[in-house]
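Q: Chains as they are written, first to last, in the UniProt record's numbering: chain S, 1 to 481; chain G, 1 to 481.
By construction, these hints were calculated from the structure, which means they are not laboratory data. We treat Cβ as the ideally placed atom computed from N, Cα and C, and that holds for glycine. Honestly, I wouldn't trust all of these hints.
As the list claims (entries may be wrong) - Stretch-level coverage of chain G by chain S, calculated; a stretch enters the list once three of its residues show a Cβ under 8 Å from a Cβ in chain S:
no.	segment
1	77-87
2	306-312
3	459-466
2 protein chains.
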Amino acid sequence: MALQKTLYVGPFIHCRTLTTLDVCTSAVIGVDEYGKIAFVERDVDQSQLAVREGWEDAKVVSIDGSGWFFPGFIDTHIHASQYPNAGIFGKSTLLDWLNTYTFPLESSFSDLKKASRIYKRIVTRTLSHGTTTACYFATIHVPATNLLADICHDKGQRAFVGRVCMDSHLSPDFYRDESPTVSHEKAMACIDHVRSIDPTFDLISPIITPRFAPSCSAESLNLLGKLHGETGVPIQTHLCENPPEIRLVKELFPQSKHYTDVYDSAGLLTSKTILAHCVHLTPEERDLIKLRDAKISHCPASNAALTSGCAPVKAMLREGMTIGLGTDVSGGYTPSILAECREALFTSRHLCITNDTSGLRGKSDETKLSVEEALFLATRGGAKVVGLEDRIGGFEVGMDWDAQLIRLDVVSEGEDETLVNGDVNGGEEATFAEDVGLVDVFGHESWDDRVNKWVYGGDDRNTKAVWVKGRLVHRRHGVSV
Amino acid sequence: MALQKTLYVGPFIHCRTLTTLDVCTSAVIGVDEYGKIAFVERDVDQSQLAVREGWEDAKVVSIDGSGWFFPGFIDTHIHASQYPNAGIFGKSTLLDWLNTYTFPLESSFSDLKKASRIYKRIVTRTLSHGTTTACYFATIHVPATNLLADICHDKGQRAFVGRVCMDSHLSPDFYRDESPTVSHEKAMACIDHVRSIDPTFDLISPIITPRFAPSCSAESLNLLGKLHGETGVPIQTHLCENPPEIRLVKELFPQSKHYTDVYDSAGLLTSKTILAHCVHLTPEERDLIKLRDAKISHCPASNAALTSGCAPVKAMLREGMTIGLGTDVSGGYTPSILAECREALFTSRHLCITNDTSGLRGKSDETKLSVEEALFLATRGGAKVVGLEDRIGGFEVGMDWDAQLIRLDVVSEGEDETLVNGDVNGGEEATFAEDVGLVDVFGHESWDDRVNKWVYGGDDRNTKAVWVKGRLVHRRHGVSV
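Next comes chain S alone, as it looks inside the complex (with noise of 0.2 Å):
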């Protein structure tokens, strides 16, 4: 279905490198039939617009206040069926975690209906949040993961979409695939689905999903690799999240060198494979997933909250590892990549903190991460774990316009008209009459700072507009675009 072609004017700012942002203060994006950018043209004078050759009859979309152009966040972990759990986890850590709230819940997705609200629910939230990309875990059901697939689908999410394999051990009786044929068999199922809604996996894609080594047989295993080798399919799992699981690992496949190896030695460690976690990797095992070009998603607010560990992201970074941001939830309690973005910040600051012995805190750039960087594994980096760094992350020609339209409002030089405070006895109108958010700009910050008040105090509310490929999936109450 072609798109009107359509003209972003305004500033836009995308990652450079891993530690630099380009910040154009004004600019003109144009984006053709296909939801592809067919020019970036940089420091225009937007009161002269000229206007280009076959572009005559473009739609325009400008930045109205004070904002800017985004790449999408990708979210590169995130089980869609747990989120009614967001933010229920008490005081439990993985193992436990898992039993107490996690396989009820998913197990309840045999319900369609249910699946429906919370699938539909959990798109829709993720796209408010500047999610352009997401790979999703669903459960072992097959009409249910279909299902998302088609919610993704259909509200123009574009998605990774993986039935939860999980068979043997760790897995409950009453959650669990019969047998490792029936593990395959029901991966196969879902991977024919989204063959059959997206048959060049252009928008959607299947992924092979392994729920984690504990609930898994190593024959179950071995078919999924094959599976892999025979279809190219991408994989997802978990790896090295925290030392009870790891030491279960060992125990469950003693013929492995390692975590890792089970993996490895399945077929399943590719350049196509997502690792969640890895915060407990030792050197061997970073060595052999950097050889196999495999992907981590780091996911800060899931290991704080479980105390899983601090994952040394910016030493896994100088390695040359590939990573990006996952949410996890719901051992993460937000689907808000900006958030997980925060976390991330203050999960490297607390490895810092832990580190320092010497009282000289602060110094170790070694582990404190930039918002920068933040900004870069929310972006390039998703786009280069989920194997899309030529189509999603930034603005270059020929790339997908995945964009958000994030706005901070200007607290007005006067009294401070938007904010009237509602008053017992007058009886006036209530505050924020309309909400702007939490960023407060007064004027005086620079693009930097305005980029470092969005990351640390933004949230939904400052993503006015959504597009994935070019097409409108999201936009905030009153927001025209």
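With chain S fixed as given, assemble chain G onto it according to the hints.
A: Below, chain G without anything else, positioned relative to chain S:
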């Protein structure tokens, strides 16, 4: 000014003890014309509200939908003047952060117009986050500090407003009191001003505010200690935030036993002293603080951001210390105490990660805070820190009605009606016709679950209305109370 007697009808929740909530699912709380709780009736059949004698003409405020009344939050440490820098701190740590970001901004509060714009905004913001009591650091300027007191008084926020005293050492030339005597005189001038607008310090209290030892001369500290002795006005300052600061104090005050002793020797360590941070106290210092019954403001967001460290809150609670939460804007990025609860929960988990060398992560109830404990710190704990535990922090007869109305919206059963996605072709009306906030309740959640979802996922959108001493001081657009 007398208020209309009001009956607050619906569920309420407050902290019973440090570790338990009191959830009353159906109650009537009567608040008299002085804003005090006259009675609390539990387990009320709301369809047959009996009319009490003398309350026939009372106004009725009922919970509409899925919500509850909750005590207002108490922010025991916030720099109102630093609000424009919220989220802007880069990779700095305390001492360079002060010079790079803080002193230049604070010094500009000689401009009263600027001060007015910022102070109005931050007071309105904190109210909208449910903060009914705040302990503010202002700047060294008397007129701007007095203006902050006026603004709190007008807007109805209970506040402790302190002019910052700083006359030596780390204080830059462009931003310091001229002498210890001037520090003392200006402190008195601000006390006098508050007395002129609120003679009994009923809503607004002055607070003696030596910035911290590294920016104060011994003479100035002594004069302020004397002022406290003469007036009984409370004190706020910083203590043991990061190691370089502690080393600096050791150099500057070689005659003192330790950092805490610097304040104690000056008569500044009493039961009316609020000590922000206390990340790195020695056992001797903790003993002295307990002996003096001084209070602690825990500021986890700031301590993580500036890599100051993780205060061992549970250990200090076990020792019987009195602790509340502080946002410490702008070391902290957020003026929300709800967000600060989250940060306290995560900081305690990071401490658990750090301390645990056994690999048995998460067994450690000795460091992990619970949601109940975080909420206690935010309400009853804070109340005790500011010396008002008999008046605020819970819903008991005789206490003031300092409260917030919390509401979480339930996701509809059918199609997700409240979340209609915009479509590029159809041009439908966009997402979130009413902005219900980020917390999604699906209906299966217990009261505990709802509280957990609120703490981890909620924001100002869930705080529908706020009262201080029975006066409505904030309500969200469209909320009628």
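Q: Take the hints in turn and mark each one as holding or not.
A: Structure-based check of all given hints:
no.	hint	result
1	77-87	holds (count 4)
2	306-312	holds (count 5)
3	459-466	holds (count 4)
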